[in-house]
Amino acid sequence: MVDVNKLREKAKEVVSRDDVRLLIGYRPGTYGFRARPAFVLGPDEVDELIFTPACVNNLASYITLEEKLPVPRGEEPDLRKVAVMVKGCDSRALVQQMEEKAYDRDRILVLGIPCKGVVDMAKVEARFPNVLERGEIALEGDKFVLSFDGTREEVAREELVADKCLRCRYPTPLVYDELLDEAVERFADDDYSDVSELEKRSAADKWAYWEEKFSRCIRCYSCRNVCPMCYCEDCVLDRLQPQWMRRSVDISENTAYHISRAYHLAGRCIQCGECQRVCPVDIPLMELNRKFYKDVEELYDYEPGTSVENPPLLSTFKVDDREDFIL
Amino acid sequence: MKNPYIPYEVKILDTWYEAPGDRCIKTFKVTFTDEKVWDTWNHLPGQCAMVGIPGVGESMFCISSSPTEKGYLRFSIMKAGKNTSALHELEAGDTFFVRGPLGNNFPLEEWKGKNVVTIGGGIGQAPLRPVIQWIRDNRADYGELELIYGARTSADHCFKDEFKEIIEEGECECHLSVDVEEEEWPHFVGFVPQLLMEVAPKPDNTIAVTCGPPIMIKFVLQNLEKLGFTPDQVYTTLENRMKCGIGKCGRCNVGHLYVCKDGPVFSYAQLKEIPEAFA
Amino acid sequence: MAENSDFEPNIVAFLCNWCSYAGADLAGTSRIQYPSNVRVIRVMCSGRVNPLFVMNALQQGADGVLISGCHPGDCHYMQGNYYARRRFNLMRNFLEYLGVEPQRVRMSWVSASEGAKWKEVIEEVVNGVKEVGPMDQFKRRQLNW
Amino acid sequence: MAVKKLSKEKVGEALGELSKFRLIAPAKSDEVVVFKQISDPGEAFLDYGNSTVPPKKFAFPQTETLFRFMVGSPELKEKNVEEEGTTVIFGLRPCDARAMSIVDKLFSWDFDDPYYLKRRELTTLVGMACVEPPSVNCFCTSLGGSPFGTEGLDMLLTDMGDYYLVQPLTDKGKKLEETLSAHLEDAPADDEKKAEGMAKESEGKIRRSIDTEGIPEKLPTLWDNELWKRVSAACLGCGICTFLCPTCHCFDIQDEVDEGGEGRRCRMWDSCMFEEYTLHASGHNPRPTRRERTRNRINHKYSYYPSRFEVIACVGCGRCINLCPVNIDILDILDQVVDA
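Chains as they are written, first to last, in our numbering: chain G, 1 to 327; chain R, 1001 to 1279; chain E, 2001 to 2145; chain H, 3001 to 3340.
It should be emphasised that the hints constitute simulated quantities derived from the structure, not laboratory data.
Hints should not be assumed to be uniformly reliable.
Derived DSS-like pairs: lysine-lysine, alpha-carbon spacing no greater than 25 angstroms straight-line [what the hints assert, rightly or not]:
id, chain 1, residue 1, chain 2, residue 2
1, E, K2139, G, K200
2, H, K3077, R, K1011
3, H, K3229, H, K3218
4, H, K3057, H, K3020
5, R, K1070, R, K1112
6, E, K2139, H, K3057
7, H, K3205, H, K3193
8, E, K2139, G, K206
9, H, K3028, H, K3008
10, E, K2119, E, K2130
11, H, K3010, H, K3020
12, R, K1002, H, K3077
13, G, K294, G, K116
14, G, K81, G, K6
15, R, K1082, H, K3077
16, H, K3229, R, K1272
17, H, K3010, H, K3194
18, G, K68, R, K1218
19, G, K206, H, K3028
20, R, K1026, R, K1164
21, R, K1036, H, K3077
22, R, K1202, R, K1218
23, H, K3105, R, K1002
24, G, K68, H, K3229
25, E, K2130, G, K206
26, R, K1202, R, K1112
27, G, K101, G, K318
28, E, K2139, H, K3077
29, H, K3193, H, K3004
30, G, K6, G, K143
31, R, K1272, H, K3218
32, G, K10, G, K116
33, G, K81, H, K3229
34, H, K3028, G, K123
35, G, K123, H, K3205
36, G, K12, H, K3229
37, H, K3194, H, K3008
38, R, K1002, H, K3118
39, G, K200, E, K2130
40, H, K3172, H, K3020
Go ahead and model the full structure; you've got the sequences and the hints to work with.
Put into structure tokens, the structure is as follows:
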């Protein structure tokens, strides 16, 4: 576990630097076990910063999310660095963004947090409903320790940990300027069993499965907006000329939306799981992304967000790529 | 009551370009395909209508003809997005759809006996045109009419022929400008707010009406204050993205006012209270 | 899906201008008979085919989609078909994962001289789609209202 | 007439009776509770907290055709809402019903919205009192609502253990009670009193609150306050808070044309948190960042709406708090407004 004092000290040092504009980290949420993103502008604001297993957000999204307003005449654009705290999975978003040349490495300052897993807040809230006063979660050994309302509960790690963490290949950030804790050895691997299982079903079964899910979609676009890889300034979904995706919400358009969203992440999704976490109607979006992830690894031996030097998967090719499916 | 979402079909009687370029402005002179609609159609200067083509969309435009011009409506439309591009394809004899009249109007009844000065910029002259036309057609009811109008170049001037006619007839003071120097331009060179200071209309018993790009309106309002106009003597129109036009869909609000329903005509006295009005 | 002998599928084919379109043209001028279920959309290169095109075709009532380009190495733009190949492979696997039968989305290499191959490809595609029946997964359905 | 009860064993029968209407009830889609049209009473899932998506979509559908046309033809075929028939929304929460009565004001303001109002006229709302507040973030009592609130409802059901206490509240509710009469029995005489006590108890269990006094007047004075930048910094600009809000009513209108030129003009939910919401065709956007959009959302609910309709456009259902991906909490924002 990251020592919170060390984290705040480091944060203070970073935001005090002349070449740093902003530090993005975590602070306690407004109720229960929640944590939320913190945007720290000065050294006097670091005291609320935390890192706990409740810090589920992928803060890499915010680097590209900020609106670029025109710089008023006579003023210089603010080119100072953005400092960001990242877990292992989050750091891969930075790698992938830089691989795609979304920004230069010197625009960001990365505080890496080796991570042994965050909680699935839905599981926590199902297990401990009605916790309003601020509670705390810590990982101690292989148990989550939850303290709230004067009580302390221990729960086995597997029961509350987010699914993505059980498959985590990169618990220690792949890119950082400073590591806030000792590196964590890889403790899990991904066998894609969930994807393989679905692959085996019949076409009709698969469609029935997805139809139920897609028909719930309300197209709030939270899965798109939260995604660190969805940073196009002009999204194909919003375009009216030509309008590829209609705004009306029905099974056809919803399916089209989910195909487009997932396909745009083919070879780019870094498995942070944010899309599935934020979905208000529990569409298992990671099962879509993971299909691509699996195929990309199996067919092209490519793993997104692992090396800045790699060319993006779909902007390159090999002459001997597989083509047994071609007539 | 009629379903307010159902538009009327109109037929284009005549159409011509006011200004050239990528963002060209085309005027459409139209009448209802169903003549009976005229019996219930009542609009006043300043009011708007949703103009569109089923299959493309709808957008809000001011009706740029005065109700004193009988038998037709006029719209002057700048090519900007999907809907306006489709409208620009249309020629005389073609049809499109109109839903309205929507919004409020200039309080021309209240202005009776007063002088009126209009200050327009570019396509912003479109909502001012019905005011001018109304006053020209009810000349005895109003005092002096003074027109101030500018655009980037002389080619960008809207309603060129009508301005020419007004100037030739000498029925009212008319001040024109272009932003940048051009050959054989007999009038003012510079921005509209500068021209306004040059002309310096007197505020006594006078109403100032302005419409144009937001940045122009901002400086015109400042300059009118300098000239001694009080906020309740100054009127302008606002625009925002609109969908329903009847105060339901929510997007066109500036502060607590819906531009489509409470506007588009506002007095500066109203807008001064609303910081969002000039966002 | 039940096999339906009366079923005549709609196939949308995106053909590259330089090879496959010419190949289909050759089939025509050589009077080679092939099934008339295909609606051809000419694109400059198979690399131009955005996966959105495929999805949109299926939404708008196509029962199958074919993308056809030059053989590897023959691309008029040097590499377009290589990119298309990668993109298409992922697309095809993904649609299958959602429950869209793999027979519905196909890709082929047909050169300008392969009029006879064009016929074979079309027969293969049409028969494949006939096997799985009409596309009814995410076709746009106008609701009653 | 004695107060009636509906035994839980007979709920199936009663729902069967009601399925001659368009019957909307909470049901499960995987583990998510959604309101949907049900034909089989067994689908109904009444033992729920609250639905993720509010039942507003049955008065104000997410996508709705206004009229149909053939491209190039002058004929426009108006949608006839009447064809949808009589609708019963069964088992909705009092806050969601109250939200509908709030939104009614907007849709009947000045221009009547024929689609919405017709649908409301055809709809009977059967509420399910919250014996337990469904969420830790419920704050309906701060906004004039209550877990047993009746505003907007035609009938209220209260879970008394083995049966539901049935209280018709309007003529529509009484009519529905008659329709159901074969399945109802007399309730114990003191049940209404008992329910009042349960209401008090449930109200006492609501733990979040805000004093709204003065907020509508104060908000416009905080226009340029730095709090807006702070509270919106984490916002992702998604539509969760607005789409899932039972009082949010903003919509977009778009035309859709199919192969062959058959088209429809339809309206669909839109969100003030989306960038394109206010984007002009010229490229100018009067609300260019999440700061302005967040400010507008709060102002619309807590200042603009009450200034026009004398009621705050929020019912305290807590959905926007529960489901915000980044824990933007409307009560936290309002606290900051009060403190500013």
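Taking the hints in turn, this is what the structure says about them:
no.	hint	verdict
1	E:K2139 / G:K200	holds, 24 angstroms
2	H:K3077 / R:K1011	holds, 20 angstroms
3	H:K3229 / H:K3218	holds, 18 angstroms
4	H:K3057 / H:K3020	holds, 20 angstroms
5	R:K1070 / R:K1112	holds, 22 angstroms
6	E:K2139 / H:K3057	holds, 24 angstroms
7	H:K3205 / H:K3193	holds, 19 angstroms
8	E:K2139 / G:K206	holds, 16 angstroms
9	H:K3028 / H:K3008	holds, 19 angstroms
10	E:K2119 / E:K2130	holds, 16 angstroms
11	H:K3010 / H:K3020	holds, 17 angstroms
12	R:K1002 / H:K3077	holds, 14 angstroms
13	G:K294 / G:K116	holds, 23 angstroms
14	G:K81 / G:K6	holds, 21 angstroms
15	R:K1082 / H:K3077	holds, 24 angstroms
16	H:K3229 / R:K1272	holds, 23 angstroms
17	H:K3010 / H:K3194	holds, 22 angstroms
18	G:K68 / R:K1218	holds, 24 angstroms
19	G:K206 / H:K3028	holds, 19 angstroms
20	R:K1026 / R:K1164	holds, 19 angstroms
21	R:K1036 / H:K3077	holds, 19 angstroms
22	R:K1202 / R:K1218	holds, 20 angstroms
23	H:K3105 / R:K1002	holds, 19 angstroms
24	G:K68 / H:K3229	holds, 15 angstroms
25	E:K2130 / G:K206	holds, 20 angstroms
26	R:K1202 / R:K1112	holds, 17 angstroms
27	G:K101 / G:K318	holds, 22 angstroms
28	E:K2139 / H:K3077	holds, 24 angstroms
29	H:K3193 / H:K3004	holds, 14 angstroms
30	G:K6 / G:K143	holds, 23 angstroms
31	R:K1272 / H:K3218	holds, 17 angstroms
32	G:K10 / G:K116	holds, 21 angstroms
33	G:K81 / H:K3229	holds, 19 angstroms
34	H:K3028 / G:K123	holds, 18 angstroms
35	G:K123 / H:K3205	holds, 23 angstroms
36	G:K12 / H:K3229	holds, 21 angstroms
37	H:K3194 / H:K3008	holds, 18 angstroms
38	R:K1002 / H:K3118	holds, 14 angstroms
39	G:K200 / E:K2130	holds, 23 angstroms
40	H:K3172 / H:K3020	holds, 16 angstroms
Checked against the numbered hints given earlier, the structure satisfies every one of them.
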